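Engineer: Line order of the protein sequences matches chains A and B. Going letter by letter, the first sequence gives residues 231 to 615 in the working numbering. Going letter by letter, the second sequence gives residues 106 to 446 in the working numbering.
Read the hints as simulated data drawn from the structure, not as lab findings. For clarity, every value in this text was computed on a predicted model and none was experimentally measured. Hints may be right or wrong, so weigh each one.
[What the hints assert, rightly or not] Covered stretches of chain A, as calculated for chain B (at least 3 residues, CB under 8 Å): (1) 342-356; (2) 481-494.
[Claimed, not checked] Residues from chain A that keep clear of chain B, each with C-beta distances beyond 10 Å, as calculated: (3) LEU251; (4) SER298; (5) LEU320; (6) ARG326; (7) ASP361; (8) SER423; (9) ALA509; (10) GLY514; (11) HIS517.
Here a beta-carbon is modelled for each residue, glycine too, at the ideal position from N, C-alpha and C.
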Amino acid sequence: MNTPTALRQPLSLRLTAAGFLTLWCLLASFPLFWITVMSFKEPVDAFASNPLAVVFGPDTRANGKGLSILDLVVGLAVLWYTVRLAVRKLPDLVRRHAPGGWLLLGWIAGSLLFGLAFIIVFFVLLPPVLDTANAFAGPLGTPVVGLTTEHYQAVWVENGFHRNFVNSLVVTAGVVTVSLTVGTLAGYGLARSASNLAFWLLIIALVFRALPHSVLVAGYLPVFISSAEILEPLLGEAAPTLYGQPWAVIAVLVSINQPFTIWMLRSFFQNIPADLDEAARVDGCTHFQAFRWVIMPVMWPGVITTGLFSFLLAYNDFLVCSLLLDAQNQTMVPAIAGYFNRETTTTDQVEAIAAAVSITAPLFLLVMIFQRQIVSGLTAGAVKG
Amino acid sequence: MKFRTFAAFVGPSLALMLVFIAAPLVGVLWQSFHLTQPIFETVEVESCTPSFTGQICTTELKTRPVLDEAGRIVTETTYVGLQSYRNVLEPDRLRQAIASGRWLDILDIDFWAALRFTLTFTLITLPLILLFGLGIALAVNNAVRSIRGPIIFVSLLPFIITPVIGALSIRWLFIGDGIMTAFLEWWLGRDIAMFAQGWTIELLMLFYRVWHVAPFAFVVFYAGLQTVNMDTLESAIIDGASRWERLRYVVIPHLMPLIVFVALIHLMDAYRVFEEIVGFSSQAHVISLQWLTYDFLTPDDAGNRAVSRASASAMLTMIGIVVLLVPLLRRTWRDHRGTRR
Chain A
231 MNTPTALRQP LSLRLTAAGF LTLWCLLASF PLFWITVMSF KEPVDAFASN PLAVVFGPDT
291 RANGKGLSIL DLVVGLAVLW YTVRLAVRKL PDLVRRHAPG GWLLLGWIAG SLLFGLAFII
351 VFFVLLPPVL DTANAFAGPL GTPVVGLTTE HYQAVWVENG FHRNFVNSLV VTAGVVTVSL
411 TVGTLAGYGL ARSASNLAFW LLIIALVFRA LPHSVLVAGY LPVFISSAEI LEPLLGEAAP
471 TLYGQPWAVI AVLVSINQPF TIWMLRSFFQ NIPADLDEAA RVDGCTHFQA FRWVIMPVMW
531 PGVITTGLFS FLLAYNDFLV CSLLLDAQNQ TMVPAIAGYF NRETTTTDQV EAIAAAVSIT
591 APLFLLVMIF QRQIVSGLTA GAVKG
Chain B
106 MKFRTFAAFV GPSLALMLVF IAAPLVGVLW QSFHLTQPIF ETVEVESCTP SFTGQICTTE
166 LKTRPVLDEA GRIVTETTYV GLQSYRNVLE PDRLRQAIAS GRWLDILDID FWAALRFTLT
226 FTLITLPLIL LFGLGIALAV NNAVRSIRGP IIFVSLLPFI ITPVIGALSI RWLFIGDGIM
286 TAFLEWWLGR DIAMFAQGWT IELLMLFYRV WHVAPFAFVV FYAGLQTVNM DTLESAIIDG
346 ASRWERLRYV VIPHLMPLIV FVALIHLMDA YRVFEEIVGF SSQAHVISLQ WLTYDFLTPD
406 DAGNRAVSRA SASAMLTMIG IVVLLVPLLR RTWRDHRGTR R
């Protein structure tokens, strides 16, 4: 890069900028890093006021749970190798084995299998091997860093967090599919229409986007609770009580998300030249055929980006899920409120931290894989005004 | 596109929005003027207790809810006018506080306290986020190309994290003798309890919100910086503009539409502040408008939800949103007419 001389910066400015960036990166990552560390320690260590005690966990180590230098080296090596394998080999494997047209499904299956294999190797096969190795390794085999997974076991196995996980999965999967299906249709229609009606629809959607969700929930709650009585004349005995039904929450979240989805998809559709569908129409396609066979194939990046944001909305939602779902069908985020709202022991608190880290882990992966799409989504609405 | 095809494309989405957004809004408006209560009846109950001399019988009047054949409580809905609004706004206490000159008493009323917090929160975070986002964007734009990717990755983390969890993760740093509290105590040489009083919690909330939204502002501004016209910058240099002047008169005007965009999105979102209250468990000290509605909707110890009051407070919250949006809508409308002509 040859920067013009006049644009070169004095050393002091560069140092300030570098310092500011370092500070920001620390700020951005520290809370997450720290709660991850805390979640692996005994309560005494997790809430110790000395940071070194939190990192090395003397109390946890004293209980005989810790990692030796050997564990650390082997564990990190396996992790590094896994990441390398995922980046280098996985795409080729998926491409070779997935039949044409099923690439997306191939990716899903491939990554699931890969994740499963990793879990089996890392959590089932590795620990016994390392245990035996530690016994022979002498000083290298004595624990140096305290680490325990008991809180995760307590959260996922004993407290039944996996049920909340499944509920979250159902709700998010439902929201993403429905909201993309409905949203792409509407986004396309709005992008290709210059009528006043389309403009007003977009404005109304903008107003709807600004509505606080609690306002809407205040409208749903009484109806949802007594929906069996209200719908009885129409549906008879089969009338469902909507309160506590995951699919009712899916419908609600899809609708709440709709304004945002159609705005974003519209701006992606507007990037696709209208000549493309006109050409398809000249060749004898109906509007819908042009949409399905000509526009959609080039729209995938936009759809994936919008899907990511729908996913985030559904996954992160607290208010709607906590008010419209009962305890049996609760999703992960509201369920965690149960940990810190009751009178807690410190063990409960560390369990809450473990649950919080479990909720964050998928999001972390998501940013890692889809960083580019998220950035393009954030700027899609903005740059074009 | 013909109207028919347009309707077919937009129909499903429109139907969803009508059923799940417009209809509940009308419902909330109706509910805020009505009150649904169980019907009570007063009955004479004779209760007898055995004793040595026979039975002692007493009759007393008891109030109990009327049940229908299926054993459900019968409710009736009555028009109560502005009563629910009065319950939320508490104009009598407000008048009293103003008349007696003790202005701070107003903040003892939930709604006004919530309004105070929501507005200060929105207005304080707004400039902080714009400044911080712009700062990070400028710094990243200056950085070596190879480290930009990792920095963007790290920056996205606070943005992408579940809001409740993000608030919790910051709370855990400060709770009890947590690492940050310990650090502050060592630094300031005094005892600190971050969660014992309102203003420290508010500080943490402000910090959390800036931490959470600054990445969004950063990414948007950063994208805008890529399109700054290099020729204009160079001619500014030839004209002898200093670094600061270039930023002030070339870069910022170029970013202005984006700044307006980020500010609007942030105004809408900050006005809905809610997750912070849950994450920091601050309801004893600080509440927000949306949390007020949420609280009315949560069943109390007897399992009742104050739907009417929730609706009234929801409607009052809405008024704020409308006030916020009117300038924006007017501008959009003018732009729209401008492009059509």
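Engineer: Each of the hints needs a verdict: does it hold here or not?
Structural biologist: Checked hints:
With a threshold of 8 Å between beta carbons, the proposed coverage of the region 342-356 of chain A by chain B is violated, since 0 of its residues qualify and at least three are required. Given as covered by chain B, the region 481-494 of chain A passes the check, having 8 residues with a CB less than 8 Å from a CB of that chain where 3 are the minimum. Not every Cβ of chain B is farther than 10 Å from the Cβ of LEU251/A; the closest lies at roughly 5 Å, contradicting the non-interface assignment. Every CB of chain B lies more than 10 Å from the CB of SER298/A, the least distance being 26 Å, so the non-interface label holds.
For LEU320/A, the shortest C-beta to C-beta distance to chain B comes to about 20 Å, beyond the 10 Å cut-off, and the non-interface label holds. Residue placement check: ARG326/A keeps its beta carbon more than 10 Å from all beta carbons of chain B (closest about 28 Å). With a cut of 10 Å on Cβ distances, ASP361/A stays outside the contact zone with chain B, its closest approach being about 32 Å. At the 10 Å boundary, the C-beta of SER423/A falls inside the reach of chain B, the nearest C-beta of that chain being 5 Å off.
With a least beta-carbon separation of about 16 Å from chain B, ALA509/A lies farther than 10 Å from that chain, consistent with its non-interface assignment. Here GLY514/A stays apart from chain B, with its beta-carbon at least about 16 Å from theirs, past the 10 Å limit. Look at HIS517/A: its CB is around 5 Å from the nearest CB on chain B, not clear of 10 Å, so calling it non-interface is violated.
Of the numbered hints stated above, those contradicted by the structure are hints 1, 3, 8 and 11, listed in ascending order.
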